[in-house]
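Engineer: These two chains come separately, so use the hints to put the complex back together.
Listed below are the residues making up each chain.
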Amino acid sequence: MLKNIYVTPLNLLKSATSLQQQVRTTFVLKRKYDPPLHKTNEKPRRMRAKNFIYELVDDTLVKKRPNIEVVLKTFVEGVGDKGDVVSMKPHFVYNKLLLPGLAAYNTPENVAKYAKTEAEKSTVKHSSPYAQRTVNMLETIVLAVVMNKDEPWVLEPWHIKASLRKTGFYCREECITLPKERIEGPDLKKENKDFYCTVTINKLEQARLKCRLHHWSTDPSERLPYVLEHWKLQSEPLLDVCSPEKTP
Amino acid sequence: MAHATPQGVKLLNGWKRPGRFDKGLGAQLPEAYRKFWREWKLTTPAAVHYIPKEQQWERDEVTHAIKPVQNIPLPLIDTPESHRGIWGGEAVIKGFQKREQTKRRVPHFWVPNLRRSVVHSHVLDCYMSVVVTERTLEQIHECHGFDHYLLKNRACDLRSALALKLKREVLQALQNGVPALADEPERQQEVLKEYRRYLEPYTPEEIDWYGHTYLEAIRKLQKQLREAEKVVPHKLEFRGKLIEQLRQAGISEAGKLEKPDALAAESSVEHKDSDIEALTKLESSPSSSWLSKINPFGKKET
Chain A
1 MLKNIYVTPL
11 NLLKSATSLQ
21 QQVRTTFVLK
31 RKYDPPLHKT
41 NEKPRRMRAK
51 NFIYELVDDT
61 LVKKRPNIEV
71 VLKTFVEGVG
81 DKGDVVSMKP
91 HFVYNKLLLP
101 GLAAYNTPEN
111 VAKYAKTEAE
121 KSTVKHSSPY
131 AQRTVNMLET
141 IVLAVVMNKD
151 EPWVLEPWHI
161 KASLRKTGFY
171 CREECITLPK
181 ERIEGPDLKK
191 ENKDFYCTVT
201 INKLEQARLK
211 CRLHHWSTDP
221 SERLPYVLEH
231 WKLQSEPLLD
241 VCSPEKTP
Chain B
1 MAHATPQGVK
11 LLNGWKRPGR
21 FDKGLGAQLP
31 EAYRKFWREW
41 KLTTPAAVHY
51 IPKEQQWERD
61 EVTHAIKPVQ
71 NIPLPLIDTP
81 ESHRGIWGGE
91 AVIKGFQKRE
101 QTKRRVPHFW
111 VPNLRRSVVH
121 SHVLDCYMSV
131 VVTERTLEQI
141 HECHGFDHYL
151 LKNRACDLRS
161 ALALKLKREV
171 LQALQNGVPA
181 LADEPERQQE
191 VLKEYRRYLE
201 PYTPEEIDWY
211 GHTYLEAIRK
221 LQKQLREAEK
231 VVPHKLEFRG
241 KLIEQLRQAG
251 ISEAGKLEKP
261 DALAAESSVE
271 HKDSDIEALT
281 KLESSPSSSW
291 LSKINPFGKK
301 ET
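One line per chain: the protein sequences are A and B, in this order. First residue of the first sequence? That's 1 in full-length UniProt numbering, and the numbers climb one at a time after it. First residue of the second sequence? That's 1 in full-length UniProt numbering, and the numbers climb one at a time after it.
If you are wondering where the hints come from, they were derived from the structure by calculation, not from laboratory data. A few of these clues could be false.
[Unchecked claim] Straight-line Cα separation of at most 25 Å, SDA-like style, residue types lysine to any residue; simulated pairs:
no., chain 1, residue 1, chain 2, residue 2
1, A, LYS96, B, GLN70
2, B, LYS41, B, PHE109
3, A, LYS161, A, GLU173
4, A, LYS63, A, LEU29
5, A, LYS43, B, ARG34
6, A, LYS96, A, VAL76
7, B, LYS193, A, VAL85
8, A, LYS161, A, GLU229
9, A, LYS232, A, HIS215
10, B, LYS67, A, HIS38
11, A, LYS189, A, LYS203
12, B, LYS220, B, GLY19
13, A, LYS30, B, VAL69
14, A, LYS30, B, ILE51
15, A, LYS30, B, ALA180
16, B, LYS98, B, PRO52
17, A, LYS89, B, TYR127
18, A, LYS82, A, VAL124
19, B, LYS152, A, HIS91
20, B, LYS152, A, VAL111
21, A, LYS210, A, LYS232
22, A, LYS50, B, LYS152
23, A, LYS113, B, GLU142
24, A, LYS180, A, LYS193
25, A, LYS193, A, PRO152
26, A, LYS43, B, CYS126
27, A, LYS30, B, LYS35
28, A, LYS73, B, LEU246
29, A, LYS113, B, HIS122
30, A, LYS39, B, GLN70
31, B, LYS94, A, ILE53
32, A, LYS63, A, ASN106
33, A, LYS73, B, ALA180
34, A, LYS30, B, LYS53
35, A, LYS180, A, TRP158
36, B, LYS193, A, LYS30
37, A, LYS113, B, GLU184
38, B, LYS53, A, MET47
39, B, LYS193, A, ALA104
40, A, LYS149, A, GLU184
On a predicted model such as this, the values are computed, not experimentally measured, just so you know.
One chain only, chain B, in its complex shape (with noise of 0.2 Å):
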């Protein structure tokens, strides 16, 4: 049944909607760049905002029954400021609160807790401006610096779009051989040698597709093909080679012009026979055209 359906083999599985690789522009995405994105989306971040329970069964409060344990993680709302700073995890939560026991529950909207404040990354030697939260430092402190943070820490963790580039500029910055330090040769090796095991898990080509949102992903790509097959208008060709048939043209036109001044100057010695021999040349050469055989001044001066 499955062989005769437009989609084939695919139905073995359960009919499922074409996502946004599957079609369109998304299909041409390559594999580095699918792999940034299962692990920037489709993988499950560390709990932030709730207390994952490690047992694999649990008695309830009251009834004491015994039920296994779902961990379901809390939805969280990532907001246009969250790519703009680096929250470190966290993220808007939408829910309700019940605040008596005897009242109706109202919305509530669980907002981090936002400071701006200054990060430093050794790799690119330079210091940021962002916004973060006391997370954000806690993290840091833990990594022991910016740099390690952001290295150690998987997108999925990250969550911001602004965190993640700045991930793409050390890991290039790193492969390139940290340019910015080039002054310094010594601490140049010093970043290098500290650094140098976070590039293991990447290739180049990966390392060049991460940290694009999906957008910016799709307009790298369009450029790429945009460059990749250069048209170039009928016009142009054929005007080429209209210029070299005309060269060609010339050049033979060139060397022609040199018999007439000959043939003058032979009827000016023989006047009787020039017209006899000039003829006879003419016709003879299978080389000329009849614009040459027409020689006016030939025969006026006879």
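In isolation and in its complexed conformation, chain A is listed as follows (with noise of 0.2 Å):
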């Protein structure tokens, strides 16, 4: 008896669906050329090797995945606080958040179970997911309040805004609390000298400020030479200042 030959017709009209990809990615393939048909209920037929030809469908790594929505157990910085529900990118959601322990996923069960309590909503600890950022941010710099040379001054709430705004921080003069000994110049013993201001942030977090004092002279002749890189130094506590007490 003769062999059923199967022959495919080269098919030119084909859509290419073809991705020329380089990247290995998780990978979605199909046939160029679809294996012959086999009878119902019997194992399919040999293949050739133009059955083996697979053309990429899809490239699901460079989709966009959506966002993880998680209930969060305790207050993340940056995130929220207790009982959120936040939706956030699923790397920074799997390796922050759920490895540590932080967050569970978003079910009803666990949006019960972490959901705040009467007694930790009156206590409010934290003002904004963000503040703790600020305040860390604040409290790793060096502040360099720069004070004539030559007329006399007190130090005031006002010379460690403007030092502060030369910085890239922006606040008001009620937020900054000075220490309460009075500091007064121009007094070159007290150059390159350290003490400490409190910033208080949305009237609730209190950051606390290392500020060094440095003198100045409109007349260039007269100015103090300068130190490359001074924060980086390591220098002395002012004398008689202690740093102010955190207001409860």
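Structural biologist: Have a look at this one:
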């Protein structure tokens, strides 16, 4: 008997669905030439080499993945407070929230389980998710407070405010708490000495700001020599000045 | 005709080559392991690397002829590395690429994009560093946790031997009441309440035989068979019997040692009649052996 010779015609009119990608990805493939039909309830026929030609249909790795919703178990800086349902990128959620145990998947049971109790709602500990971030930034800098070398002066909050604005922070004068002791000048013995202020954020969080006193003159010939990267050098605290207490 | 052949009635459905469960040690594997093997190897997994067609008929793109739809899965290659990670059902595909219409096809391997990450199991209460794919993480997110991902998916969808071993560990831990969280009874009860429903489809024997590869199952069976029939050497048995017999003989000898002393005491009192009395006593006693009849000390004194 004659064999059943399967011949697939060359389809030049087929639409091109191939994506020529060189990146190794989660890949979805499609056969360019389908194998011949087999009878019902029988094994598929033996395939030829042409049936193993595949075309890349979908590249799921370069797709943007949808956000994942989770319930926070505790306050997370930059994300939210306990009981909040947040929707964020999947890798951040998995590596920073789920694995350390700071969050749980968003299910009705978890939302009810980790919701804030009445006692927790009354005692507010965090004004905003991002306030702690600002506190961290303020506490890492050494603020250079530059005062006049020739005219007498007394340190006031607006001096700290001006110095903060030079470093990129904006705050009002009433947020700044100076030490109780009076700092007067000009006094070259106080040059390059440290003292601490307190900056209040949202009337709740407080940052301990490290300040360093410098003198400056409008006359170029009387100016002090400039020290390169002076904020990285060690220095001594200002005598008879202690840091202000944090107001409750 | 079928009854005349060695295979008998098995030929009615055509001749079948004996498989791994029909001969040798494989035939002695329990039904629990066969059930797992059917779930792992003989079930068609979910479509990962191709999109199955849902309709029953489709129209050809060029000729517009109507023909039936047959979904034939792409052959996947499970490399040894895939059994040391959790790839989420992905595998390597070997095939050809036709990059231009007028050029010949070239061979190509499509390999998943792997990465190393950490997974956390609530039931086992530990973190594990494994090689995963993006699809694995997505499935973990869909199932709301790594334990749920293991317990919800079937063995053919997990594909990886490591994932199946972890699944067996999780099932055994749930069966034993989550011993890893024994220090925290509240959390233990929570975890048990959350995951108890996954234990219903399995019997304890099926949990015991879950997740083993064929070679591991064979070795486990051999170990069980070796423990069942303990072969004791015959020399130990025979030596025990001999020692018992010697003990019995030793006990009777100890009882008979008292008689010569009594005889010696009597002979000191009556010198003349002692010989006659001793001889008559020895002969008349039925339990005495020939050794006790020979008494050189009694004769010498007379």
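Engineer: Are the hints correct? Go through all of them and say.
Structural biologist: Right, here's what the structure says about each hint:
1. A:LYS96 <-> B:GLN70: 45 Å, violated
2. B:LYS41 <-> B:PHE109: 23 Å, holds
3. A:LYS161 <-> A:GLU173: 6 Å, holds
4. A:LYS63 <-> A:LEU29: Distance ~16 Å between LYS63 of chain A and LEU29 of chain A Cα, so the pair holds.
5. A:LYS43 <-> B:ARG34: Holds, at roughly 23 Å.
6. A:LYS96 <-> A:VAL76: Given pair LYS96 of chain A, VAL76 of chain A holds - Cα atoms ~10 Å apart, limit 25 Å.
7. B:LYS193 <-> A:VAL85: Between LYS193 of chain B and VAL85 of chain A the Cα gap is close to 24 Å, so the pair holds against 25 Å.
8. A:LYS161 <-> A:GLU229: Holds - the C-alpha atoms of GLU229 of chain A and LYS161 of chain A are around 22 Å apart, at most 25 Å.
9. A:LYS232 <-> A:HIS215: Since the Cα atoms of LYS232 of chain A and HIS215 of chain A sit roughly 18 Å apart, the hinted pair holds (cutoff 25 Å).
10. B:LYS67 <-> A:HIS38: 12 Å, holds
11. A:LYS189 <-> A:LYS203: 35 Å, violated
12. B:LYS220 <-> B:GLY19: Holds: LYS220 of chain B and GLY19 of chain B sit about 20 Å apart, inside 25 Å.
13. A:LYS30 <-> B:VAL69: Given that 25 Å is the threshold and the Cα spacing comes to 14 Å, the pair holds.
14. A:LYS30 <-> B:ILE51: 8 Å, holds
15. A:LYS30 <-> B:ALA180: 46 Å, violated
16. B:LYS98 <-> B:PRO52: 22 Å, holds
17. A:LYS89 <-> B:TYR127: With Cα atoms ~22 Å apart, LYS89 of chain A and TYR127 of chain B stay inside 25 Å; holds.
18. A:LYS82 <-> A:VAL124: 11 Å, holds
19. B:LYS152 <-> A:HIS91: Judged against 25 Å, a Cα distance of about 23 Å means the pair holds.
20. B:LYS152 <-> A:VAL111: With Cα atoms ~23 Å apart, LYS152 of chain B and VAL111 of chain A stay inside 25 Å; holds.
21. A:LYS210 <-> A:LYS232: 13 Å, holds
22. A:LYS50 <-> B:LYS152: Answer violated: LYS50 of chain A to LYS152 of chain B is near 37 Å, above 25 Å.
23. A:LYS113 <-> B:GLU142: At roughly 20 Å apart (the allowed maximum being 25 Å), GLU142 of chain B and LYS113 of chain A satisfy the hint.
24. A:LYS180 <-> A:LYS193: Answer holds: LYS180 of chain A to LYS193 of chain A is near 17 Å, not above 25 Å.
25. A:LYS193 <-> A:PRO152: Since the Cα atoms of LYS193 of chain A and PRO152 of chain A sit roughly 18 Å apart, the hinted pair holds (cutoff 25 Å).
26. A:LYS43 <-> B:CYS126: 45 Å, violated
27. A:LYS30 <-> B:LYS35: Measuring from Cα to Cα gives roughly 32 Å; hence the hint is violated.
28. A:LYS73 <-> B:LEU246: 78 Å, violated
29. A:LYS113 <-> B:HIS122: 17 Å, holds
30. A:LYS39 <-> B:GLN70: 10 Å, holds
31. B:LYS94 <-> A:ILE53: With Cα atoms ~10 Å apart, LYS94 of chain B and ILE53 of chain A stay inside 25 Å; holds.
32. A:LYS63 <-> A:ASN106: Given that 25 Å is the threshold and the Cα spacing comes to 23 Å, the pair holds.
33. A:LYS73 <-> B:ALA180: 22 Å, holds
34. A:LYS30 <-> B:LYS53: 11 Å, holds
35. A:LYS180 <-> A:TRP158: 16 Å, holds
36. B:LYS193 <-> A:LYS30: 44 Å, violated
37. A:LYS113 <-> B:GLU184: Cα-Cα ~18 Å, so holds.
38. B:LYS53 <-> A:MET47: Measuring from Cα to Cα gives roughly 19 Å; hence the hint holds.
39. B:LYS193 <-> A:ALA104: 17 Å, holds
40. A:LYS149 <-> A:GLU184: 11 Å, holds
Comparing the model with each earlier hint shows violations of hints 1, 11, 15, 22, 26, 27, 28, 36; every other hint is respected.
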